[in-house]
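A.B. asks: Each chain, written out:
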Amino acid sequence: MTVRTFNGPSLLAHLLPAVVLNSVIALGITAFGEHAFSSNWVYSQCIGLSIGTLIMLGIRWRIPDWETQWRRIVFIVPLAAAAGFLLGTALADVLLGNHSMAYWRTQPRKAWGFLILSLVSGTVLTYFAASRAQLAKERERAQTAQRHAAESRLRLLESQLEPHMLFNTLANLRALIAVDPVRAQTMLDHLIAYLRATLSASQAGTHTLDQEFARLRDYLELMAVRMGPRLQYTLDLPDALRQVQVPPLLLQPLVENSIQHGLEPQVPGGSITVRAASDAGVLTLEVSDTGKGLDSRATPLEGKGFGLRQIRERLATLYGTESAIKLVAGSAGGTRASITIPLKT
Amino acid sequence: MSQTSATALIAEDEPLLAQALQAELARAWPVLQIVATVGDGASAVAQALALQPDVLFFDIRMPGLSGLEAAAELADRWDTAARPFPALVFVTAYDQYAVQAFEAQAVDYVLKPVQADRLAKTVSKLQLALARPAQAAINMEANLEKAMAQLRALMAAPASAMVAPLTVIQASVGNAIRMVPIDEVLYFEAADKYVRVVTASHEYLIRTPLKELLAQLDATTFWQIHRGTLVRAAAIDAVHRDDAGKLHLTLRGRTEKLPVSRLYAHLFKAM
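So the protein lines, in turn, are chains A and B. Note that the first sequence covers residues 1 to 345 in the numbering used here. Note that the second sequence covers residues 346 to 616 in the numbering used here.
None of these hints come from the bench; they were simulated from the model. Computed from a prediction, not measured in an experiment: that's the story for all the values here. For every residue, glycine included, the Cβ atom is placed at its ideal position computed from N, Cα and C. All clues stand as given, with none of them false.
In silico SDA-like cross-links for lysine to any residue, where the CA-CA straight-line distance does not exceed 20 Å:
#1 B:K538 / B:E414
#2 B:K556 / A:P265
#3 B:K538 / A:Q260
#4 B:K538 / B:L559
Heads up, incomplete: computed chain B residues facing chain A, CB under 7 Å, no partners named:
#5 E359
#6 P360
#7 G409
#8 K457
#9 P458
Looking at chain A on its own, in the form it has when it is part of the complex (with noise of 0.2 Å):
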């Protein structure tokens, strides 16, 4: 993520509107004063530029970090607005062959007036310049925000429609309409549940526990078909649970987590359960499997799969600390998952 920093205004980029504030100030002067619009478009550039140029450099060494040391412009602008204004009457004065210098004697108030008005063109350049770096920099940050945004959901959505478990689905789908066109028309009305489940899940909301046991089954079934009789599994549904609203294919990463590194590397398979109960206003949800357990897999308690990581993030989001999800060792090997998460009806 790169988000670029407020370096402060850099002249190049604020010459033109300094320029033109500049001319506009040195028409004024000519409106109220004595000398030439020439002359004064001289002096007005001059000291301009030149505190634009100080207010810059003052900003590039004093404040690296805008965010937190903003601040600091306080000092900056009045400092760089004297030593510019002095900077820049010597400046014209040495251009134009004059001595203006002499007003602080004999004309005080003049002098402190052009002082003042250095001070506030130098404080609303600054702001300018400022303002627009600050609308530039958020607008990065939302896109940002929204690159992030788009970025996990493709990844959500390749997670789920991982191209390997897809072409090895169709593969066999192929084989079976040759030898079983009855089972070859089920497993495909399993897929077309799955595909449709998995794409319209990456939209918020929630369904059923029934839903998202018939979901769970839709993959299972596919990977029964793959698998043979190296997947035996069981969904336990209680009555009562059926209607319990849930987030849509919650539980989906962990049987795929369960297939894919605990009965897959087995060669002999195993078999996942997956539970709901109830008990005092807490939902548990639990899928547990016979497969090689959690000894193999790279530290799994800190939750490194993407799978993982995806339920934790959206049980936080919705639940807060009233839910939780624990992954434990099996007591007769395997691997115990389980979500916990308050008990809406």
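Starting from the known structure of chain A, arrange chain B on it as the hints suggest.
C.D. replies: Chain B only, in chain A's frame:
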């Protein structure tokens, strides 16, 4: 077309896909005899050694040993004096990287679902290859060498992701964690669910799989000499060939002999 009927072995963990491949082969190559269909890598090695088929169809993702690992294991244990190493065809559903690697190494592969015309091409290539070594038996050793070079390249391919190099091994000993500097480690050896970390005077067990260690170790410092063994190159004392032609190496400061698999024998050649 070869005169005598060729034999083949199919290793595929999904039963329907094994059936489908067998059915497609029956159409594309009627005289090909499928001598066995197995569902995991270890059985593939055992059955291939027992039945000595001419062609192997190995699925990449299988429980236990993967298709690549099974092929490497088989290459290690194959007796080239008796029979030429079988022609290898990998079968994969979808794996962009694997397919790229197969193309790069000119290794035969078919994609699942198996398409009849694509399989027909593979079959005619296989028939050509099988006809050749019959004329020149000298090719046997060369055949295996080529297969092993391809396997080495395929197995090395996925480890391209750079990880921070490991400097200390953290091994739990009782209630404590022992910090073992990597410089003290002489070799790593995979043992069931653990990896043995061996220094000149001690031995530790860690749970990090060898594959993960491999990605975090400098390949010039630690050499892989076997599927389950990584050895500090500088600690190797001598390499010996026994009567059966197998290589073993000994380390300075240790008495045990470590077997070198044929796949990595190319590391040890007199200058």
